[in-house]
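**Student:** With this note's numbering applied, the sequence shown covers 1 to 303.
Each statement offered as a hint is correct.
Straight-line Cα separation of at most 30 Å, BS3-like style, residue types lysine-lysine; simulated pairs: (1) K149 with K46; (2) K15 with K96; (3) K75 with K15; (4) K129 with K252; (5) K128 with K149; (6) K174 with K252; (7) K252 with K208; (8) K253 with K174; (9) K149 with K75; (10) K128 with K147; (11) K129 with K149; (12) K28 with K96; (13) K46 with K28; (14) K128 with K253; (15) K174 with K239; (16) K124 with K253; (17) K124 with K96; (18) K15 with K28; (19) K252 with K182; (20) K208 with K239; (21) K149 with K208; (22) K119 with K147; (23) K147 with K96; (24) K185 with K252; (25) K15 with K128; (26) K119 with K149; (27) K129 with K96; (28) K147 with K15; (29) K75 with K147; (30) K239 with K252; (31) K46 with K147; (32) K208 with K147; (33) K208 with K185; (34) K119 with K174.
DEER-style ranges, computed between Cβ atoms: (35) W232 with D97: 28 to 34 Å; (36) R279 with E70: 20 to 26 Å; (37) S59 with L120: 43 to 49 Å.
Quick caveat, the hints were computed from the structure, so don't treat them as lab data.
Even for Gly, the Cβ is constructed at its ideal location relative to N, Cα and C.
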Amino acid sequence: MRDVDTSQISGRLLKVFITVFDEMSVSKAAAQLESSQSTISHNLEKLRSILGDTLFLQSGRGIIPSARAEVLAPKIRLLLAELEILADGSEYDPEKDRSAATIATNGSTLAPELDQVRKLIWSKIPDKKLIFRELGSRANLESVLDKGKADIAVTARPFHYPDLLVSQELFAEKSVIFYDPKIRKPIENINEYCSARHVNLDFGGSVKSVVETTLETLGLSRNIVISVPNVWFLAQTLKGTDLVATLPALLKKSAFQDLETCDLPISIPPVHFDLVWHRRYDDSARISWIRSQLTEALAPNRS
1 MRDVDTSQIS
11 GRLLKVFITV
21 FDEMSVSKAA
31 AQLESSQSTI
41 SHNLEKLRSI
51 LGDTLFLQSG
61 RGIIPSARAE
71 VLAPKIRLLL
81 AELEILADGS
91 EYDPEKDRSA
101 ATIATNGSTL
111 APELDQVRKL
121 IWSKIPDKKL
131 IFRELGSRAN
141 LESVLDKGKA
151 DIAVTARPFH
161 YPDLLVSQEL
171 FAEKSVIFYD
181 PKIRKPIENI
191 NEYCSARHVN
201 LDFGGSVKSV
211 VETTLETLGL
221 SRNIVISVPN
231 VWFLAQTLKG
241 TDLVATLPAL
251 LKKSAFQDLE
261 TCDLPISIPP
271 VHFDLVWHRR
281 YDDSARISWI
291 RSQLTEALAP
301 NRS
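Please put together the full structure from these sequences, using the hints given.
**Tutor:** Structure follows, in structure tokens:
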């Protein structure tokens, strides 16, 4: 077994490795780390020399990780997390922190809420750098947070969270039926609901919705004729048609403001929106500050 001089391995080299591993691109890693491609390549060459492995191999126009890199990636990710906690310490000054606060969510669903977050943080730290990253399916939560692609996530609660993640409830919102009043009347009973033509919001996940599971327990189903990837597209799809959609009532404030709502003919629990972060950052002063801003901006504003 080849001896490795670990004293030559810096946090910077590890950060470069994991960024290239996640992006599968030297150029994308350079952009994310605000560095040059030549510097990233030089760092990779240094780490290759220390570890005695190619780490990444050419594959067509891109790169793929070596078998050794696949084994090293989770270990290096954990090391970086521990280093970040060490640097974080018990004292944290957000005004001196030049790194962006990165929040993963479905921005089309929570646009007004995210703007409240921006306004609150900028009222305290003008032009504090913020990154709102699209989460997509809730199944992406663990990967996004474990790989450090976001500091924290705001999401509709899934049926359960992976053990590595910690959650805190922000607010709950009832679901309603959206429709275009110029074209159709509101749904009045369960038979109308099941026979109506529905548009479904599909982020790419495989878990059935609460509506689907509730209807199944009643021996019923609804007629989904279109699935779309975001709420803005869905709102446009509803307009001028007899289609209906079942979604959180908060969308009436943004994409669905020109549409009407009516109550569901079945009883389902409200949609709970949570803050979610990785368990490794439970004691992080920086993540704690970001959590407090989101809680202050969103939780007090719900009834």
